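K.L.:
Protein chains in written order, with this note's numbering: chain A, 17 to 306; chain B, 74 to 457.
Since the hints were derived computationally from the structure, they do not count as laboratory data.
Given the structure is predicted, the values throughout are model-derived calculations rather than measurements.
Incorrect hints may appear among the rest.
Residues from chain A shown here face chain B by an in silico Cβ test under 10 Å; the list is partial [unchecked claim]: (1) G68; (2) S73; (3) A127; (4) T283; (5) D286; (6) I287.
The C-beta atom is built at its ideal place from N, Cα and C for all residues, glycine as well.
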Amino acid sequence: MKLTIPEKEVMGHGHLACQGCGAALSMRYALKSLGKNTVLSVPACCWSVIDGPFPHSAVNIPLFHTAFETAASTASGIKAGFEMQGKDVNVVAWAGDGGTYDIGIQALSGAAERNDDIIYVCYDNEAYMNTGVQRSSSTPWGAWTTTTPIKHPKDRPKKDIIGIMAAHRIPYLATASPAYPEDMIQKFIKAKDIKGTRFLLIISPCPPGWKSDPSNTIKLARLAVQTRIFPLIEVKNGQEWKLTKKVHKPKPVVEYLRLQGRFRHLTEDDIALIQKNVDENWEILSRKLL
Amino acid sequence: MRKVMIGNHALSYGAKLSRARVIAAYPITPQTDVVELLSEMCANGELDAKFIKVESEHSAMAASVGASATGVRTFTATSSQGLALMHEVLHWAVGARTPVVMGNINRALGPPWSIWTEQNDSLSQRDTGWMQVYAQNNQEVLDSVIQAYKVAEEVQLPAMVVLAAFVLSHTSEAVEIPEQEKVDEFLPAYQPRYKIDPEEPHAFGGLTDPNGYFELRYQIQKAMEGAISRWEEVGEEFGDVFGRKYGLVETYKVSDAKKLIISSATLASTARTAIDDLRKRGEKVGLLRIRVFRPFPSEKVKSVLRSIDRAMVIDRNISFGASGIFYQEVKAACYNEENMPPIFGIITGLGGRDVRKEDIIQMYEDVMKRDKPKSDIIWKGVRV
Chain A
17 MKLTIPEKEV MGHGHLACQG CGAALSMRYA LKSLGKNTVL SVPACCWSVI DGPFPHSAVN
77 IPLFHTAFET AASTASGIKA GFEMQGKDVN VVAWAGDGGT YDIGIQALSG AAERNDDIIY
137 VCYDNEAYMN TGVQRSSSTP WGAWTTTTPI KHPKDRPKKD IIGIMAAHRI PYLATASPAY
197 PEDMIQKFIK AKDIKGTRFL LIISPCPPGW KSDPSNTIKL ARLAVQTRIF PLIEVKNGQE
257 WKLTKKVHKP KPVVEYLRLQ GRFRHLTEDD IALIQKNVDE NWEILSRKLL
Chain B
74 MRKVMIGNHA LSYGAKLSRA RVIAAYPITP QTDVVELLSE MCANGELDAK FIKVESEHSA
134 MAASVGASAT GVRTFTATSS QGLALMHEVL HWAVGARTPV VMGNINRALG PPWSIWTEQN
194 DSLSQRDTGW MQVYAQNNQE VLDSVIQAYK VAEEVQLPAM VVLAAFVLSH TSEAVEIPEQ
254 EKVDEFLPAY QPRYKIDPEE PHAFGGLTDP NGYFELRYQI QKAMEGAISR WEEVGEEFGD
314 VFGRKYGLVE TYKVSDAKKL IISSATLAST ARTAIDDLRK RGEKVGLLRI RVFRPFPSEK
374 VKSVLRSIDR AMVIDRNISF GASGIFYQEV KAACYNEENM PPIFGIITGL GGRDVRKEDI
434 IQMYEDVMKR DKPKSDIIWK GVRV
């Protein structure tokens, strides 16, 4: 029998993630795909806690903690250091949405423009979860966070990071969801063998921040795809857009929204507007697809 | 080989001779020649290094820390606003114990915009844990880069080689370029004690509670204290090999001196010529140039001051709300000692205003006739 998910585990026991954390699961799949010859550059984010306090570490590969806005630039430096020693190592910047969409976007853009030979992974839980659920530019329209209270929820859409990264014409970028591990693993394996800047965006349900039941994490990660809120795609050289998971009968967004307390305050009109935006975004995306 | 070069190129040659393996830098006036020449050297194969042309100084330092953590010799250079932008990552370089060496061109900070020399940029980084050496000529710039790597890699702390904007950065002087073979012998390949290595995986810099953090900070201070003697010894050893000796401080005509001018960098070289003139008039005056500012050479400073009747510190910098920064440091070093002379603090030359030999003679004449300081600042050359 051919296994679609590599059997060998790299990540060990004892990580400190919350129950139902999408980011812990994503790391596990990422390391299964990339193997032990991998180094992580981790800025301030949930994963700087999840890995464990000194002297513990859950990943069994080198993990270099770095400042909030430096995941990409530190990774570029690490890669350069290995290159000068003739070592071929997968260097992975592993950051949350705050460290990617907001404070780290300059360093990320710089690395992507230089096409530095790194894999940049953003596990996107759509707010500053590690500091207690403050809005980021990845927070979707209408969502509650501690800085977008119910009386004034987020009034701007989620930043189009995929569009931004595609505009850099990097060799490979993809979206992934822990509800589709085979798809995610295929993408990591593909990314591993490509030279240059590779970018993976993983939708990462966060029970404490999304106010969702930990047992619904996989369901939410699946519904994000099935509602076309988070289509699974890959883009080569910023130009060849491909859907990797076709959704024949998209589910209404309300099914996704109703499982999350952060959207509980939304009216029917609000939800209708979100549905309209998702449909429009899908139209825009479908025009790009091969 | 002797070559006429500007101070900026002396930094580039220093990095080249030290065989830096990764360079990450961002351009800023007046540092640009440093990175332009290094780009050239990397491009034509003279220097076997990877040059990451980053999009900011913040990323320059982050990439330098990352590269250094893999166990390769790493170089960068900046100035003023660039150094200020690096500030967060300067702390990271120290905490991560990465022996990055950086050239910094002392340039005044804005606003208003200024490109001229002043020391507030580097002195604002005083408490980061970076070692700092202030050069007085282009030869010393080149030589100090090589020495900085030797000390930095031993004590596992980063080091900054500092030079004055334009006064050195863009002034041509004859510089002896040491032979590569001799440099290789003096400064062998970097052998890191710890490095990022998939064969031996570790987490670096993970959350450390109050049970552990304190000791790590203690170790940084101990490394700094250990670096004091190493700068002295490495400067001696450099002299044995290359014929140019260096120390934590430099003294000039202090053996019989009763009065002392204390300064740093190029102001100290100007003060030296002033001392020659004053000596001709029979003044028993000497010079103490503080070369290594961090770690601060307190013992050296005290030992010179013990036989002095009156001392003045000339600062091209200011800690607003207090005084000149070298003045503070000298005064603090002497406070608990018996028989220390009165120490006067002079602030001059901010924003690159010229400080000539005549100005220093005039300061000397004014200050040395005073009994003791009435305040911590004597302003010289300011129009008010």
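K.L.:
If a hint holds in the structure, say so; if it doesn't, say that too.
P.N.:
Now the hints, each set against the structure:
About 7 Å separates the beta-carbon of G68 (chain A) from the nearest beta-carbon of chain B, less than 10 Å, and the hint is met. Interface hint status for S73 (chain A): upheld, as the beta-carbon distance to the closest one in chain B is roughly 4 Å, under 10 Å. Interface hint status for A127 (chain A): upheld, as the beta-carbon distance to the closest one in chain B is roughly 8 Å, under 10 Å. Using the Cβ-Cβ criterion of 10 Å, the hint placing T283 (chain A) at the interface with chain B is not satisfied: the shortest such distance is roughly 41 Å.
Because the beta carbon of D286 (chain A) sits about 39 Å from the nearest beta carbon in chain B, more than 10 Å, this interface hint is broken. Hint on I287 (chain A) is violated. Least Cβ distance to chain B is approximately 40 Å, over the 10 Å limit.
Violation of the numbered hints given earlier is confined to hints 4, 5 and 6; the remaining hints are satisfied by the structure.
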